[in-house]
Each structure stands twice: as C-alpha cells, then as structure tokens.
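Chain by chain, the residues:
4 protein chains.
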Amino acid sequence: MKKIVISTGGGDAPGLNAVIYSVVKASLAREWEVYGSRSGYKGLLDPDELVRLTSENVADITPTGGTILGSTNKGNPFAMPIENLAGEIQIRDVSERVMNNFTRMGFACHIAVGGDGSLEIAHQFATEKGMPVIGVPKTIDNDLEATQMTFGFDTAVSTATEAIDKLHSTAKSHDRVMVVEVMGRDSGWIALSSGISGGADVVLIPEIPFNIESICRKISDNELHGKHYAIIVVAEGACAHESGKIHKTDGQCEVGRQELLLGGIGEWVASKVRTCAAKDTRSMVLGHLQRGGSPTTFDRLLALRFGAAAVRMAENNQFDQMVALVNGEMETVPLAEAIKQRKKVPLHSDKIMTARDIGICLGDDY
Amino acid sequence: MKKIVISTGGGDAPGLNAVIYSVVKASLAREWEVYGSRSGYKGLLDPDELVRLTSENVADITPTGGTILGSTNKGNPFAMPIENLAGEIQIRDVSERVMNNFTRMGFACHIAVGGDGSLEIAHQFATEKGMPVIGVPKTIDNDLEATQMTFGFDTAVSTATEAIDKLHSTAKSHDRVMVVEVMGRDSGWIALSSGISGGADVVLIPEIPFNIESICRKISDNELHGKHYAIIVVAEGACAHESGKIHKTDGQCEVGRQELLLGGIGEWVASKVRTCAAKDTRSMVLGHLQRGGSPTTFDRLLALRFGAAAVRMAENNQFDQMVALVNGEMETVPLAEAIKQRKKVPLHSDKIMTARDIGICLGDDY
Amino acid sequence: MKKIVISTGGGDAPGLNAVIYSVVKASLAREWEVYGSRSGYKGLLDPDELVRLTSENVADITPTGGTILGSTNKGNPFAMPIENLAGEIQIRDVSERVMNNFTRMGFACHIAVGGDGSLEIAHQFATEKGMPVIGVPKTIDNDLEATQMTFGFDTAVSTATEAIDKLHSTAKSHDRVMVVEVMGRDSGWIALSSGISGGADVVLIPEIPFNIESICRKISDNELHGKHYAIIVVAEGACAHESGKIHKTDGQCEVGRQELLLGGIGEWVASKVRTCAAKDTRSMVLGHLQRGGSPTTFDRLLALRFGAAAVRMAENNQFDQMVALVNGEMETVPLAEAIKQRKKVPLHSDKIMTARDIGICLGDDY
Amino acid sequence: MKKIVISTGGGDAPGLNAVIYSVVKASLAREWEVYGSRSGYKGLLDPDELVRLTSENVADITPTGGTILGSTNKGNPFAMPIENLAGEIQIRDVSERVMNNFTRMGFACHIAVGGDGSLEIAHQFATEKGMPVIGVPKTIDNDLEATQMTFGFDTAVSTATEAIDKLHSTAKSHDRVMVVEVMGRDSGWIALSSGISGGADVVLIPEIPFNIESICRKISDNELHGKHYAIIVVAEGACAHESGKIHKTDGQCEVGRQELLLGGIGEWVASKVRTCAAKDTRSMVLGHLQRGGSPTTFDRLLALRFGAAAVRMAENNQFDQMVALVNGEMETVPLAEAIKQRKKVPLHSDKIMTARDIGICLGDDY
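Residue numbers (this note's numbering), protein chains in the order written: chain A, 1 to 366; chain B, 1001 to 1366; chain C, 2001 to 2366; chain D, 3001 to 3366.
Careful, some of the hints might be misleading.
Said to hold, decoys possible - Where chain A lies over chain B, by a calculated footprint (3+ residues, C-beta under 8 Å):
no., region
1, 1157 to 1165
2, 1280 to 1293
Stated by the list, open to error - Ranges of calculated distance between the beta carbons of each label pair, as one might list FRET restraints:
no., chain 1, residue 1, chain 2, residue 2, range
3, B, 1342, C, 2103, 45 to 55 Å
4, B, 1091, A, 223, 18 to 28 Å
5, A, 280, B, 1046, 16 to 26 Å
6, C, 2344, B, 1082, 50 to 60 Å
7, D, 3331, A, 342, 21 to 31 Å
8, B, 1031, A, 328, 56 to 66 Å
9, B, 1342, A, 85, 54 to 64 Å
10, B, 1334, A, 280, 29 to 39 Å
11, B, 1185, A, 280, 17 to 27 Å
12, A, 274, D, 3317, 43 to 53 Å
As the list claims (entries may be wrong) - Pairs of lysine-lysine, DSS-like flavour, derived with a Cα cap of 30 Å:
no., chain 1, residue 1, chain 2, residue 2
13, A, 227, D, 3003
14, C, 2003, C, 2129
15, B, 1042, A, 279
16, A, 42, B, 1129
17, C, 2129, C, 2002
18, A, 227, B, 1042
19, B, 1227, C, 2003
20, B, 1129, B, 1340
21, D, 3003, D, 3042
22, D, 3227, A, 2
23, C, 2227, B, 1002
24, A, 129, A, 340
25, D, 3227, A, 3
26, C, 2002, B, 1227
27, B, 1279, A, 42
28, B, 1003, C, 2227
29, D, 3042, C, 2227
30, D, 3227, C, 2042
31, A, 227, D, 3002
32, C, 2042, D, 3279
33, C, 2279, D, 3042
By construction, these hints were calculated from the structure, which means they are not laboratory data. We treat Cβ as the ideally placed atom computed from N, Cα and C, and that holds for glycine.
Isolated chain A, as found in the complex (with noise of 0.2 Å):
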C-alpha cells in the first residue's frame, strides 16, 4: 500500500478540483491512501494543514471552482517568507524540513498541480531533494511549449467569448467601440480564441505590436460597410508599437506606462480610439471571471484525464516527469524540458490566419 501527495499552487484554475477528484478515485482504486496538502506546501510543513482524501469527501468536486485545497499562493519552501515573534519577515530555506516530513510521513511519491512557478520548484525538490515528484501543468494562459491543452484555457476562452457574445448587442444598440480586455501577459492565446468566436473586429495580442492606427482605420472602415459599432479584445500583454520602433525592454512594454497607470492596456486602447474614431467608447476588464467558476466539460474531461495519467506515472515510478496532452492522448515529458518552454501564439499559425482571414485586424497593418 503506497501513499501519496497531492498539492495545488500558484493561481485559481477550472478544473483543479477535477483533477483532485481523478488522483484519489485513482489511488483508491490500487488501495493507496491520498493526502492533500493545504495551500500549496504548507501540509508537509505542518501535519495539521493535511488532509485524509477519500471517495466522501471528493463526491460532488468534479464540477466546481477553486480548490478544496485551500488558498495556492503560499510562497516557495526554498526561499519562505517568515514572520518572527518580532513581526519582522524573514525569507527562510524551508526545504529540508519539508523532504524530512515527506519522508516521515512515509509519502511515495508528490502530485504538483501547478503552473510554471511551482512546477519549477517541484523540479527542484526532485533533483536537489530526491523527490519522487510528478507534475501536473496548470496554466489558464494555455502557454506551455510541452502540452497541446491545458484545463482552465477552454473554460476561460468561454467566459470571454459569452461576455464578447453580451458586449456585442450593447454595442450595437448604442453605436458603440466596446473594448474588453482579456488574460494574457506574455501570449495571446485567449484573446486570440475568443476574439475569433465572438466576432471582434479588432484583436490585440503581445505577439504583434499594434498601432492605433490600424485599429482607427478599422473603424471608419466599419462605418463605410454600416457596422456602426466595434468590439475591440485586447490582451493584458498586448503592447503599441509607434513610428517603427517597438516599444518593449526586456519583454516588458514601455510605451504609455505612465498613462496605463490609471486604467490598464484597455482602457489606454479605449481612450486613443475615442478620439480617432469619434464614438462612444468604453472598456472593460473581465479580469477574475476568466480564473473563477464551473469548468467546462472540456476541461473537466482533460482535467480528470490529468489527474488519472499523473496516478499511472505513479505506478510506473515515473518521476520528475509532467502528464502532457500530445495529440490527443496523454505522454509523459521531463520536467526540465516542460518548464523552460512558454508558447507563443506562431505568427503563422492557422489561427493568425483565420483571424485576417474572416476580416480581424490584428493591429498592425489593416
């Protein structure tokens, strides 16, 4: 009889739960017994933040937001900020006490459900601990190189669609550009996704620097074919490109930073088009309905699919390895290699063609 450990960290995702339901159904069913620990490491820090997890207390998980696990962002055992009976905060190595734990407690093996950030540790724990880690990619970003889906993205595509969906009969009743701006720091994924089935008219991505300019001729480009409104989907990432020169250091755009200051790529994008297109203009931030809520049954179905491979891997003393989506079915890959890799949206890729393709400016050269 083995038993294991599952953890979830770094930010909310929609299907968590799903997984968490698959790696106990899983392990009950080679009789292993499952712990989960609470708010990221701290349940092998503390015996009290462990939790038993059987076929009860997973019952009706499967469908809901969040993770029963508790809060996710609860720092990194190698560098663990620490308050000390003076208040003062310390950034401590708690590590060693967290392996000494794993091992007391007798755990054959940890699930890390978790984006890069903590993926990366996980790695770490393996190589420089001798953990049996196996790890489960979470990011709602969709932007990992070594897997075709993550669970979360679909859910968060939806949200941003079925908002495009709403925004659209406003904007149509009152002859309105409606900019809303959607996930996405570093890759254009969702705004991307969602920009092509809610029918925008103009889709910003950090990929493609954009000029306003683009974006107002689109407009007026509109109103020339009777489209007296526009949607406008702007990823958080997405960054103007002015005279030439694209304004970015270090992957960090510089151009308006000041001006961003007050509202945000959205808002900056709303006030420059109302005074080149001359109508009513407004931004949104959707913002944390993307993370929350109910996963879809896409993700639901990867998510249990996750959770079930990362239990055979298990089985198979699989460690330091990641459950991946590979054309459709499960693979295994290295830690080291799922981590160092982000994926961009390829300028070339069908999705960037169907985009122009069906009439969305991309912002750089309508």
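The hints should help you fit chains B, C and D onto chain A, whose structure is shown.
Frame of chain A; chains B, C and D shown alone:
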C-alpha cells in the same frame, strides 16, 4: 385593417426583441400591418428608417439580445439636437413633423417600448399631439412602481449572480476580498437580489448609506469564523455615510467624489477595505455585461406577454396607458401615473430581511 | 436558545438546498440550533438520521441540485410501510413515536419543505399531535393556488425552453415535426410557459382537451407559409378530445390508454401527427431533466427568501402556516387552506391569450 | 474574381453556420463571390435554390444552431429519388446535370460540408466528373480517423454531461438508477467522454460488449459503499455479450433485438437492471438534444478555423482534399483516405484507462 408602428428607446435590455416578436405576431394574427421605427423616433422623421415587420424578419429574434430596430438613444422629438449645414448643433422641436408623418402614414397606434424617459415622451405625444400611444416598460433596474417586474431585470440579476459565483472560487483560492460593482444608480434591486443569490458577505445599495467600519467588522468577523475571503457587491449608486451625516445633495452622493473619479464606488470601497482589512482586495465593474446577451427564459416570457398585451390594448383602444405586471397578471395603468413613481427597495421588504437573516452586512450596522 | 428541525419531502426540486441554507443561516443568526431530518421523517424516528446543520456544512450548497437531506420519498408516518422480521410489509402508524422524539429532543419547531402530500402530513401533525409546524411549498408544477410561484418551476421552464431551442435547429434542418413531452400531470404551467418562450407551434395542456385535427391543420398551415417543420409541446397530462366527447373519468384521461402504454402522450401525439401530416415526426420525453440540476437565479432567490421567512415565522410562533409569495412579497397562509386548492391554468389568463396571439395552436380550435 | 459554392449535407451539427460564416468572410476578403446551395445539392439542380451569401446575411449566424442552408437530407445526385407525374418514385442519376450547372455558373470550387456520406459523394464528383471539391468534415460522433476532432462533438458531449449532472441530483434524491442513452451507433466517444465528465457509474460503448452481470455487481457494490443510486450512460450502439458469445452479426448487435423494439438499448438495460438490482430504475433517450442548439465556444472556434482553412485550400487549388485538425493545427488529407477510416475508441487509449481508474464500470469485467 390597422397599421401600427413600434419603437424601442433608451438603453439596451435583454427581451426587447421578444417584445417586437410578440407585437408583430399578435398584429399579424389580427391582419394588421406592423412597422418598426428605427433608432427611436427616427422612422417617424424619415420614411427610410421605417421597416415593415413580417413573420419572416422576426422569425428567430426572440432569444437574441439588443434590438433589431437599431440604436436607441437618438433624442427627444420635442427637443432634438440637429446639426445644420454649418455644423452647429441646434435644439429643435420636431414633434409636429413626427405627428404629421404618423397621421399621413395612417398609423392607428404607436407602441413605445422604453424606460421612463421614452415613456414620458410617449405620454407627451399622447396629451399634446393626440397620438394613440401604448407604453411597454423597459428598465433593467426594475425600479418602476407600477409594474411588479420589467424584462431584462432577471437577466441582469442572473449575469451578476453568475459573476459572483465565479469570483467566489477565485477569492477563496487566494484569500482575497473581491468587490464587484453592479448596476443601480438609484435603487439597489440588482445588487440586493444578486448579492443574496450569490452568497455575498456585504451588499451596498443606494437606499442604505454605508459605513466602511461595518464592512471592515464583517470581514474581520469572517476571519474569526475561519473564512478568509469575502465578496462585496456594490450598486453603482451606493453612498458612504460618515460620522452621522448622510453625504448626499439632491440625491447625489457627495462623499469622496474626487476619489471616485479614478474608479467608481466599487474601486473606492476596495481601496478602503484594502487598508482596514489588510487583505489583498480587488474590484471589478460588471457594467455592460449586465445589459447584453440573450434574455433568461423568465425575461423572454415576460417580454412576450407584454408585447401581446400591448396589441390587445391597441385592439381595445386603451391609449396613453402602459402594460404592467400586477400579481402575476397583465394589467394596464395610465402612463401619467406609471412614469412618476420610482420603486426603491423598501427598508422593511422581505428581501432586506432575508439579506440580514442570512448574515449579509448591508453596510449600516453590522 | 431554540432547537428546530427541518425536513424535505416528496420529489426533487431545484432550490431545496437553498431553502436549507437560508433556514440554517437565519437560525444561527438567532443563536438557535438546527437539525436536519434525513429522508423525510426518518430523523424523527431514528436519531442516527438526524444531522446537526452548521455554517460549514451548508457553506456551498445554495447553487446545487437535489437535497443534502437525502432521498425524500420515505413514507407517511401516519401510514408507514414497515418490514417485519419475516420480510412482510405492514402499514403502521408511527406518528406518535415521531411526536415523542420531537418533544424529547426539545424541538421548538419543524420546518417541513414539501409538496402537497408532505404539507398535508405536516398539517396532520399540527392538528392531531400539536406539533409546531411551518410549511415551505415545493411543487415544480407551480400548481398551488396559495402562492404566486414556487421554487423549481422557473428552472423546469428554463430547462424545457432550452430543450425546445435545441430541437428547433434539428427540426428545421431536417423538415421534421418534433414532439416534446414535459411535466404537468394536472396543470399545464410548464408546457404553456416553455411553449411560449421556446416558440412552439402547438402546446397541449391538461386544461384544454385537444383534437388531433387542429394540430394537423396547424402543421399544414405552416407548410403553406413556407415553414416545413413544427415543434409540439405536450404536458404529460394532456388529453385528447374526440367527436365532442371529452374522454376523462375521474380526472383521468381515457382515450388511447392502451396505445399510450408503449410511449406516453407525447409518442401517441407523434404517431397521429406522423400519419396526418405525412412528415418525419419524432418524440422525446424530457422527464427527469426538468427536476434536476442547479436552480436558476430566480429559483435560488425565491428559495432563500422562503427559508428566511420560515425562520421569521418560527420566531413569531406562526405555526400550522405556510410561507407564500403574494404579489412579490412573503406572506403566510394557513396550511389547511394552502393544501386544498390546486392552481389550474385559467382559460382566460394572459398566458393563454399570449399563446393564441402569437399563433400557437392550443389543440382546441385552430 | 472567383465564384465558389458551399453546401451542407447530412445530419445537423452545431457549428455548421460558423463554417458558413467563415467561408463567406474569407472569400469576400479575397473578393470572391460565394453562393450557398440549399438542401444539399438542390441549388445545383435548381437555380432558385442557390443563394448569394454576403456579409449581411451571415452577420449573426456564428452562434446559432442548424444551418442557414436549410434541410440537409435531400439525396445523392448519383442516385436521386425523383417523383414522376404519376406519383411514382424513381431513382435517377442527376450528377451530370449538377456538374453542368456547376460549370455553366462558372464556379471555381465546391466546399462540401458533410459527414462520410456527403464526403463520399463529393469525392465521387471529384473523380468521376472532375469537380474541384474541398471537404469539411462534420460528424458529431467524432469518429473520423483523419481528423483529431470535428465540430459538434464538444457540444454533444457538453449537452450529455449537463444532462448527467441533472440526473445525478434526481437519482440521489430518490435512490434511483438512471439510464441515459446517448448518440454513438458505431463508436463510444460521446458516451465515454460524457460518462467520465459527468461522473457516471457505468458506461457502455459499442467497442466493449457488456454483461448485465457486471453492471449489477457495480450497483450492489455502490450500495455497500453507501451510495444508493447510480447513473448508467449507454451509447445507442452498445451491445450485450452473453455467456462468452458476442452477439453481433455484420457489426449489428443481435441480442435482444425483439426486446429492443419497444425502447432502445437504454430501456433494455434499464429493464434488466430493474430486476437484478431491485431498484427503481428509469431510462431516458437524449436523442435530438445532442445535435441541436448553439455550439460551444470550442466548436465555434474549430468550425471557423475549418471554414477559413477550406478557403485557403481553394486559393491553392488543393482539391479532392479535406481539411483536418492534426495535433492542434489545420492540415489537408485526401478525401479518398479520409472517408475510408472510422475512428473507434481504442481499448488502450487513455480515456478508457481514465474511466477504469476512476471506478467506472465499462460493462466487461467489473
């Protein structure tokens, strides 16, 4: 054979197209002709903006958002802003031209779907010009005394509740306070209904001036009971009350107006709570999402009933009246009465009691 | 400090958990203790089936379907089927034992959530045993005269409307007649409401005996107008009327009973229409889908209000009464009255008129 | 300037209108003219059934169900049933007339959206008549080997999962077994995917002949673990296996054919389980609900990508080919290959393993 005309005015509301569908079908069943006036009264100023409505062109519109009669905020014929050749805007009374066109085209009735502004104009046409007018109430805020419910309200409450549901999982996973600002400049119906349904911790409405202190007490009380997150729902017209004085002048909230410039009442509340609760606190404005999209089944049905009732009123020459829902059935009320009374949330209504009973802090006395 | 007990009886209805949530929160706010009786009255027969209800165990139940108090149809304590050691079933009156347990445990009040069967039993406990009982009405069919609405109904109508929406596209793409059978043994509220909202061509309800001939005329009329498909919504209790005679005995529909054995009224209508209209005709039974799942926002809110109102009634010792929605507000009505009057669809109600106005055939006179 | 024609054939699938939208927009962007052929090939037999497609008439169709090109099952031009004046049906080859019309109208390409039947006809036109044909795959069952996914499948799985979610609460509240029959005559993709996502207890698919005994064992095992209800998902093509013999002839299931006449495999399974499990057991057929309605965001996006890719293929003269999704990107495959290989659920695929891992009985060996 009668000829009637329908117009939709004021802001967008889910269900407008269902009203149009129902008016058209019920008229055709009586072998009447129906015309739609685009952009409010524009079709009565310019025949190019009148559209013949048939079974075919309303076939699939019931579940759709927006209005097929185009943008809605196109001015009051009694005081219409008109641009002359020199590009100057002048205010003109074009009501006589509207009435002449109405008569020349042989219309027997005008069904005006709109909020209190539009209904007031309709009433003015009835009394001053003798236009046979029938009103259909449209206010997403549900703040009309004369009718138990208006279409669009259930959809707005559902959208807000769904958003609150999504914010729960994110707030819980990150131990955060989430402030969500919903519609309601003068009344708190949407905030109160969605706050109860969505399980908010705090609901702030215009009818009850709030103290930041009670909110902070509620949040620290949550902590004591092991709940490390909170959801605050704020109506856009909610108003802070400080040291015994209610900061309102002429119905306008005064407190913190300068501070509000940068955000809105939601962000203002968030900034205060961030300090007093010492918790990661975020705010979002639901805004236009509440007005857009497909109506709920409840709103579809209500809108369809309103439209058919309006046609029955036309048949019975019940003019200068508005259709209303009274204890679950369709009734008629004089327009003159309907437009003068706004419905605030009564402080002793069962919804207020329900909110307090289930532990929601209303900002006054927690 | 009071102790109260809550039970849920009869069929499933979306919103039961919201009632429980609200009863628990409103009781805790008064510093009362709340217990749930599992499986109807079982918790009052066997203390193992009583469960203490706290903030924690109702924390996330509001949006969920079903009831946390377990299965509901467990018999009437005044005539309970009980298996003896020989395996024989005997009917026993165990009401005295229930009442003794109730008293011994010191309960001050029993909140009984249920349909007319359960409410009748509750009333019997009040009058014959002196139990302080408060009723919360639950009938998905919305057929209680005493209350304007019951929770679960809006969800059922929404589910049925969504199904009709889906059938539209399939019916249209294949030039088919689709018959969909919905709930409603004695009244046509669900069929009528969903039929209007969903744009059905024909709606058949128990209140209006139907002729197959009118249905066939409606379908051939559709064809003449270029509409080659049709949607027929049938309440399960709808009844055919042939050659002037209404085929009912004691409220039971007689016609075609043998034929009905193989399908239900929906399939029976489909078989008749298939012949007369010479069109590909399919039927489906929505059945259990209408009872299950998460309540709509409307039902959530109504259920929460019912629960809190019941606790306020308990506080004021208003026993042998039921909470009701009357013109949008919470009222109390004596249980004795509430249970005796069923609400049929009045033949001159505006919903019937709306249906006819927008061209829906009700099976009588098309 | 090119002229192209698009047709949709075979059964309804959510996403057809999104394909049309995308084909029209991508063609207009290239300044091509696009025509739609109504009712499959009818527009190429009768010019009245050809419709010019413009930006205006596809403006809002992306999220809608069905197909704007009307009913789809209108026969194979190589063997068309035609009624003569005497009312007799004769099978005629009208393919030459189709091809002549195609040429005379100057079409440069035919984009055929359809299932394997329609794609086979398209391929026949390509090889026998030299028609420049491009295929877009449409099979709601997702059973085409050549493409990783087809649109409509995600919607069908979501609809089925939502239904299972709803049945859970009802089954649980009444201690029932619910059997739900879903689509899948030859392959179990829908049943398996929705069964896993929805948390079914038993999933029966055509690829795995089932024993009623294993199902009954699973249900009594549930009882032992305190779970008094069960959900069984059955693909319509699932097949019982008795005493070692697999009852199939030519891919057709033989067992219990007579018994099946009255219901379908779902009702047959229900009748057997009712006996062996001695529990209240109900069955329902989801049927047409799975094909209808608005596509999910996933299906919208996939359909839009397929449409744009088909236009790019037309631009590059890649005829007698089909667009396909391969590892997340658009690819082309020869129609000849695409139509010959059906995709069954592989017995060692991770979905099968996931199902077993999380305790789902697949009918073979529980």
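### Task
For the pair we were handed, residue 2003/C and residue 2129/C, check the Cα-Cα distance against 30 Å.
Given pair residue 2003/C, residue 2129/C holds - Cα atoms ~19 Å apart, limit 30 Å.
### Task
Would you mind confirming whether the straight-line C-alpha gap from residue 1003/B to residue 2227/C stays at or under 30 Å?
Holds, at roughly 25 Å.
### Task
For the pair we were handed, residue 227/A and residue 1042/B, check the Cα-Cα distance against 30 Å.
18 Å, holds
### Query
Is residue 2129/C within 30 Å of residue 2002/C, Cα to Cα?
At roughly 20 Å apart (the allowed maximum being 30 Å), residue 2002/C and residue 2129/C satisfy the hint.
### Pair hint outcome, residue 3042/D versus residue 2227/C [Cα-Cα no greater than 30 Å]
18 Å, holds
### Task
Assess, step by step, whether the Cα of residue 227/A is no farther than 30 Å from the Cα of residue 3002/D, and give holds or violated.
26 Å, holds
### Message
With the threshold set at 30 Å, check whether the alpha-carbon distance from residue 1279/B to residue 42/A stays at or below it.
### Response
Answer holds: residue 1279/B to residue 42/A is near 20 Å, not above 30 Å.
### Agreement of residue 3227/D and residue 2/A with the hint, judged by alpha carbon distance not exceeding 30 Å
Roughly 26 Å separates the two Cα atoms, so the pair holds.
### Query
Does the structure keep residue 2227/C and residue 1002/B at a Cα separation of 30 Å or less?
Distance ~26 Å between residue 2227/C and residue 1002/B Cα, so the pair holds.
### Message
Taking 43 to 53 Å as the stated bounds, is the beta-carbon spacing between residue 274/A and residue 3317/D within them?
### Response
Given range 43 to 53 Å: holds, Cβ gap about 45 Å.
### Query
Is it true that the C-beta distance of residue 1342/B to residue 85/A lies inside 54 to 64 Å, as the hint says?
Check passed, 58 Å falls within 54 to 64 Å.
### Message
Please verify whether residue 1129/B and residue 1340/B have alpha carbons no more than 30 Å apart.
### Response
20 Å, holds
Hint violations for this structure: number 16 only, all remaining hints satisfied.
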